[in-house]
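So the protein lines, in turn, are chains A and B.
When we follow numbering that gives the first Met the number 0, the leftmost residue of the first sequence carries the number 0, and every step to the right adds one.
When we follow numbering that gives the first Met the number 0, the leftmost residue of the second sequence carries the number 0, and every step to the right adds one.
For the record, the hints were derived by calculation from the structure and aren't laboratory data.
Source: prediction; values computed, not measured.
One or more hints might be untrue.
[Claimed, not checked] Which chain A residues stay away from chain B? Per the calculated CB distances, all over 12 Å, these:
#1 Ala-176
#2 Glu-222
#3 Leu-242
#4 Thr-244
#5 Gln-273
[To be verified] Computed cross-link-like contacts, DSBU-like style, restricted to lysine-lysine with a CA-CA straight-line distance of at most 30 Å:
#6 A:Lys-137 - B:Lys-127
#7 B:Lys-127 - B:Lys-35
#8 B:Lys-316 - A:Lys-137
#9 B:Lys-32 - A:Lys-137
#10 B:Lys-35 - B:Lys-155
#11 B:Lys-32 - B:Lys-127
#12 B:Lys-35 - A:Lys-139
For every residue, glycine included, the Cβ atom is placed at its ideal position computed from N, Cα and C.
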Amino acid sequence: MSSVAPADLPIGKDLGSIEAAEQAEYGPTKTARVKKRLTSRTATIISLIIAVLWTIPTFGLLVSSFRPGDLVRTTGWWTVFENPGFTLENYADVLLSPSQSSPQLGAYIVNSLAISLLGTLIPLVLATMAAYAFAWIKFKGANVIFILVFALQIVPLQMALVPLLQIFSTWLRPMQAWVHDVIPIIPEQNYAPVWLAHSMFALPLAIFLLHNFISEIPNDVIEAARVDGATHGQIFFRIVLPLATPAIASFAIFQFIWVWNDLLVALIFSGGTQDVAPLTQRLAELVGSRGQEWERLTAGAFISMIIPLIVFFSLQRYFVRGLLAGSTKG
Amino acid sequence: MTTEDLLGKILQVVMGLAIFAAIIGLLIFFIDKAPKRGRDYWQLAGFLTPALLFLIVGLVYPAIRTSILAFQTSGGDWTLDNFVWTFTQPVALRTLLNTIVWVLIVPTVSTAIGLAYAVFIDRSRGEKYFKVVLFMPIAISFVGAGIIWRFVYEYKSAGREQIGLLNAIVVAFGGEPVQWLQTDPLNTLLLIIVMIWIQTGFAMVLLSAAIKGVPTEQVEAAQLDGTNAWQRFWNVTVPGIRGSLVVVLTTISIATLKVFDIVRTMTAGNFNTSVIANEMYTQAFRASEVGRGSALALILFVLVLPIVVYNINILRKQREIR
Numbered sequence: 000m001s002s003v004a005p006a007d008l009p010i011g012k013d014l015g016s017i018e019a020a021e022q023a024e025y026g027p028t029k030t031a032r033v034k035k036r037l038t039s040r041t042a043t044i045i046s047l048i049i050a051v052l053w054t055i056p057t058f059g060l061l062v063s064s065f066r067p068g069d070l071v072r073t074t075g076w077w078t079v080f081e082n083p084g085f086t087l088e089n090y091a092d093v094l095l096s097p098s099q100s101s102p103q104l105g106a107y108i109v110n111s112l113a114i115s116l117l118g119t120l121i122p123l124v125l126a127t128m129a130a131y132a133f134a135w136i137k138f139k140g141a142n143v144i145f146i147l148v149f150a151l152q153i154v155p156l157q158m159a160l161v162p163l164l165q166i167f168s169t170w171l172r173p174m175q176a177w178v179h180d181v182i183p184i185i186p187e188q189n190y191a192p193v194w195l196a197h198s199m200f201a202l203p204l205a206i207f208l209l210h211n212f213i214s215e216i217p218n219d220v221i222e223a224a225r226v227d228g229a230t231h232g233q234i235f236f237r238i239v240l241p242l243a244t245p246a247i248a249s250f251a252i253f254q255f256i257w258v259w260n261d262l263l264v265a266l267i268f269s270g271g272t273q274d275v276a277p278l279t280q281r282l283a284e285l286v287g288s289r290g291q292e293w294e295r296l297t298a299g300a301f302i303s304m305i306i307p308l309i310v311f312f313s314l315q316r317y318f319v320r321g322l323l324a325g326s327t328k329g
Numbered sequence: 000m001t002t003e004d005l006l007g008k009i010l011q012v013v014m015g016l017a018i019f020a021a022i023i024g025l026l027i028f029f030i031d032k033a034p035k036r037g038r039d040y041w042q043l044a045g046f047l048t049p050a051l052l053f054l055i056v057g058l059v060y061p062a063i064r065t066s067i068l069a070f071q072t073s074g075g076d077w078t079l080d081n082f083v084w085t086f087t088q089p090v091a092l093r094t095l096l097n098t099i100v101w102v103l104i105v106p107t108v109s110t111a112i113g114l115a116y117a118v119f120i121d122r123s124r125g126e127k128y129f130k131v132v133l134f135m136p137i138a139i140s141f142v143g144a145g146i147i148w149r150f151v152y153e154y155k156s157a158g159r160e161q162i163g164l165l166n167a168i169v170v171a172f173g174g175e176p177v178q179w180l181q182t183d184p185l186n187t188l189l190l191i192i193v194m195i196w197i198q199t200g201f202a203m204v205l206l207s208a209a210i211k212g213v214p215t216e217q218v219e220a221a222q223l224d225g226t227n228a229w230q231r232f233w234n235v236t237v238p239g240i241r242g243s244l245v246v247v248l249t250t251i252s253i254a255t256l257k258v259f260d261i262v263r264t265m266t267a268g269n270f271n272t273s274v275i276a277n278e279m280y281t282q283a284f285r286a287s288e289v290g291r292g293s294a295l296a297l298i299l300f301v302l303v304l305p306i307v308v309y310n311i312n313i314l315r316k317q318r319e320i321r
């Protein structure tokens, strides 16, 4: 997206020359020019309307989250100038209030961060390694296995939930209990199941996207290293990782936002307590139990959005590139 | 949350990182020290095994197991009851119907709006900002989006001041306030709007990139032939971006089939708004009807199957070319 401005320049010139050519050939047809300007104006107006429609719902929520509870519940947010009143109390309440009845989102934010951190790192490392193997280690059946891995995207998460939960309770739980016995400060119920589940579900897409990029590395570079006697481990760390950093970074952003925003995996594998459950799960719970406390819901919703939005706005160029890496090729 | 809790959590993350780093580090170490004979195979195994192991435990085995569970009673006897239930009970039938409505409307509408928007803002001033506005919902969780839109659809009884935007508009035009989310079948459409709101930005970004890839010469040639903007769009741009259109439609269709969070946050599937993905969760994890839940998951699988098979075919052709 950063390349938009320079790329536009020659195009603009071309358009100018076409208009000049048109004028030379047909003479200045006034109606045509008026018509053209009109259509472009309609286009601008329509896109403005769409842009406004898309922003209003979020904007309303943002305004409401800064209004006192009474006002939120009795007046529309668009009357904010007739019924003025701004406060930070909603945020203080949902974040910091020690009362048991308040949402206490602070603990859940820590959980979301903890889950997203390893839920992004683990699949990223495993997928990069696998993508390298598929792209640069020659073996029989590489194509078949690669397509099978890609095909695993068919499997909806929903299909994996019940059996995976059973596997975790037979194998993982006893291990967690053992760890808790040895090091008591680590709670028995911890993040491990959520980390593992997110990693497993992310792999097919991650391998596919990263493979697209890693296989594009020029053959000469890899071959030269091989001739010099480099092992695959050395090639992977010294050549592939540095060259593939943009692709890895863009997938990391993608996966981070995805894990941060997830609800389903969290509902099944976290257990839903303050010790493990992420922000999304707490919010969904609040909607169920206190659907009418709009001042808390709006503030809570905004807190849950703030980190992905920061990631989004600061890194959106890479994020978009990551999206495009796998999709425009198909 | 006490300081002790926080320390415990940080310790968990640090330990998780340490264990993971140790496993990967050891693996790489042994790969490089592998015996000379068959070294390539050792290295291959080292690079591939962790990912394949995860995939088998996390997806392959569970998918097979779920398929079996779908054909069993809770006692473990073989049966077709779960499917009979799905295709005869009004609740379950309604779920299937809703899912079909979702998957027909969401991909087409969001792709259409996304495409129109991408074309309209192409090369306009402030294109970047226009894009960000539409794309932003992608970064917001479905739960957050659910809350945003519940607030738009909020209902207060007649005579009181409406705080939901939609009812405020209705009342301003002299209408009676409506309980949007409880009015069947309108409520399903209102939930669908939320999904469209989220997915349009995704379609727009991909299609915008594709439009910029259409050779300018073709557009110019058409322009010199005296075509109008609509003809140029339909005869030059659309054929030029056909591949991307397919990808966008596919991706959104799959996402729509699996949609869960929106329904869960906005109506929890009540008032006839449930979809397969939500009903599956309700049956398997709330009602302890694992067989029915598995049957629904299997149906979801069958619905996604043709879409992905189509994509695999494209992928195979690409790899053959290479």
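For a C-alpha distance cap of 30 Å, please report whether Lys-316 (chain B) and Lys-137 (chain A) respect it. Distance ~20 Å between Lys-316 (chain B) and Lys-137 (chain A) Cα, so the pair holds.
Are Lys-35 (chain B) and Lys-139 (chain A) close enough, with their CA atoms no more than 30 Å apart? Holds, at roughly 20 Å.
12 Å cut-off, C-beta based - Ala-176 (chain A) kept clear of every residue in chain B: 15 Å, holds
Are the Cα atoms of Lys-32 (chain B) and Lys-127 (chain B) separated by 30 Å or less? Measuring from Cα to Cα gives roughly 51 Å; hence the hint is violated.
Was Glu-222 (chain A) rightly flagged as not at the interface, with every chain B Cβ beyond 12 Å? 15 Å, holds
Run the C-beta distances from Thr-244 (chain A) to all of chain B and say if the shortest one exceeds 12 Å. Answer for Thr-244 (chain A): holds, closest chain B Cβ roughly 18 Å.
Are the Cα atoms of Lys-137 (chain A) and Lys-127 (chain B) separated by 30 Å or less? Violated, at roughly 43 Å.
Given the hint that Lys-35 (chain B) pairs with Lys-155 (chain B), does the C-alpha gap stay at or below 30 Å? 76 Å, violated
Beyond 12 Å from every Cβ of chain B: is that where the Cβ of Leu-242 (chain A) lies? About 17 Å separates Leu-242 (chain A) from the closest Cβ of chain B, which puts it past 12 Å; holds.
30 Å Cα cutoff - pair Lys-127 (chain B), Lys-35 (chain B): Roughly 55 Å separates the two Cα atoms, so the pair is violated.
Can the restraint linking Lys-32 (chain B) and Lys-137 (chain A) be considered satisfied, given a maximum Cα separation of 30 Å? Roughly 20 Å between the alpha carbons, so the hint for Lys-32 (chain B) and Lys-137 (chain A) holds.
Since Gln-273 (chain A) was said not to touch the interface, does its Cβ keep a gap of more than 12 Å from each Cβ of chain B? With a cut-off of 12 Å, Gln-273 (chain A) comes too close to chain B, as the shortest Cβ separation is near 7 Å.
When each numbered hint is compared with the structure, violations occur for hints 5, 6, 7, 10, 11.
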